[in-house]
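Engineer: Listed here are the chains, written in short residue letters.
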Amino acid sequence: MEIDRPDGRTRNQLRPLACSRNILNRAHGSARWSQGDTIVLAAVYGPKTGTRKNENPEKASIEVIWKPRTGQVGKAEKEYEMILKRTLQSICVLTINQNTTTTVILQVVNDDGSLLPCAINAACAALVDAGIPVRHLAVAICCAMAGSGSVILDPTKLEEQKMEAFSYLVFHNSVLSMLPEGSLHVDGEPMEHGIITSVTHGVISVDDYLYCLERGHAASAKISDFLRRSLQSHAPSDPSKAA
Amino acid sequence: MGSSGASGDLEGEMEVDAFRRLFPLRFHERHLLESIRPDARPLGRARESTVALGAVSSADGSALAKIGHTTMLAAIKMEVMTPSSESPDEGCVAIDFHMPPICSPFVRPGRPAEVAPVIAKQLSDVISSSGMINLKELSLTTGKAAWMAYLDIYCLDADGALFDAALLSAVAAFSHLQIPAVSINEDGRVVTVSRADGDGKQAKDPVIKEKRKLTLSCVPFSLTCILHQKYILADPTAEEESVMETLVTVVLDSSSRLVSLYKPGGPVLAYTSAVQDCIALTRHRVKELQKILNEAVSDMEVD
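From first to last, the protein sequence lines are chains U and R.
Per the working numbering: the first sequence ends with 256, consecutive numbering throughout.
Per the working numbering: the second sequence ends with 308, consecutive numbering throughout.
Hints in this document: simulated from the structure, not taken from any laboratory.
Predicted model, so just to flag it, every value in this text is computed and none were measured.
Ideal placement from N, C-alpha and C gives every residue a C-beta, glycine not left out.
Keep in mind that the hints are not guaranteed to be accurate.
Now the stretches of chain U that chain R is said to cover, found in silico as 3 or more residues with beta-carbon under 8 Å [as the list claims (entries may be wrong)]:
hint : stretch
1    : 208-216
2    : 230-241
In silico BS3-like links for lysine-lysine, alpha-carbon gap of 27 Å or less [unchecked claim]:
hint : chain 1 : residue 1 : chain 2 : residue 2
3    : R       : Lys126    : U       : Lys88
4    : R       : Lys126    : R       : Lys218
5    : U       : Lys98     : R       : Lys235
6    : U       : Lys98     : U       : Lys170
7    : R       : Lys126    : U       : Lys175
8    : U       : Lys170    : R       : Lys126
9    : R       : Lys126    : U       : Lys91
10   : U       : Lys66     : R       : Lys126
11   : U       : Lys72     : R       : Lys235
12   : U       : Lys66     : U       : Lys170
13   : R       : Lys218    : U       : Lys98
Label pairs and their computed distance ranges (CB to CB) [unchecked claim]:
hint : chain 1 : residue 1 : chain 2 : residue 2 : range
14   : R       : Ser133    : U       : Gly162    : 19 to 27 Å
15   : R       : Glu119    : U       : Ser33     : 25 to 33 Å
16   : U       : Arg65     : R       : Cys97     : 31 to 39 Å
17   : U       : Gln245    : R       : Lys292    : 20 to 28 Å
Please put together the full structure from these sequences, using the hints given.
Structural biologist: Here you go:
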């Protein structure tokens, strides 16, 4: 059963992706990521000396500040900050710059659905722009489920509200390897199949969710390719900025 | 490595405590190798949980839930308000989660816990998306008056698995909730009917209702698990949460549908097999919690 999407996309089609790096002058790293009309601006400052009181000084720590487009910071923003902080902590190499704090600031420019995945992608591009050591990158996608078990990718805000449930999924980026067996395998599953983060809204059956995971990491391969192309094509950023 | 020496049991015990403080990860991993945890639980078992309804007598509905040492007190107060124009026949539920300094040494009056607003938002998302409460039941007069339920949850002791205990206490409080009887007096205002008045007041608009309970459908229950290397630990304590940082919270409702699968990052990736194992552990836990809740409700009704 084909679902008619208002903007004419097919079920598995993503909105046009655009990523520009090094757009803010004073930030050590910055990126602007847009998926269709959802645009998020990310800036990275760091590493700065010292960690906050509750943090472990034997590791580098990451601080996330989320600024909504309008209105004051509330519980939703605090939740996004926590999810982003834990996701970015899992991709950065925290043992290199011990006892330092890297601040990632996200500004929502426009919200047209799939906001958290857009922000995670922007934050990863900004970390690369700043030269923060990362183990691998995270690729985020939003999947919405209709009741019949069909999954659409990258929904707009209207589609998110109409659908029965949607989930934000974050995976490893796909690995381009010269070795014949390709990527690392853990327990027989390729490394990219593991989810770093998953946040769901709405009630679905367990089988629908597992189907959603499959569709999600098929799509994350496309976003991975886009990310690789866009990071390779930019000129290296000014090395004197992180002084 | 801190293992007990030959001389004296006391010396051996102090060494173990020091080892636990100095090398917490190794201490826990030594236990995991034997498929057991420091409090002698097998990996997949949750701590002992209890629910007591009616803990706060001045509230319209309340419950005290304990999972191990983690204690949550939930209380519901009802207030009449005018419903919004988009949904004139629906009431409203406002959920707030507080972590006062009594719950943990890391929470101080000037430094609120970072995790409190996150859990509050998670709770409101889960309760609204699970459809446990039919908001139309909270309506009094379409377009004019509806109930607003203020649910406040206080954490009295934070020892890991905060969301699980908070959700259990919220669900128990809603099971205990009795909506007060009201009538509309001559001014058109809604007043609560106390038992002494009885049928003395003749209301113009007969909206006299008996004290009634809400019908709860698809009650959600949750289980938080920790993923560490290839182990899955159900229902972590605060010490385990601080040492092994990857948490997965699965919320299932009574018909085994997935209400939420929440994994906020973390160093360990969740593969499909781990996700399925967590969901299986949660299914088992849902049955346990349903039994505990039903027993608490029937104990209350006997009184």
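Engineer: Among the hints numbered above, which are violated by the structure, and what are their numbers in rising order?
Structural biologist: 2, 12, 13, 17
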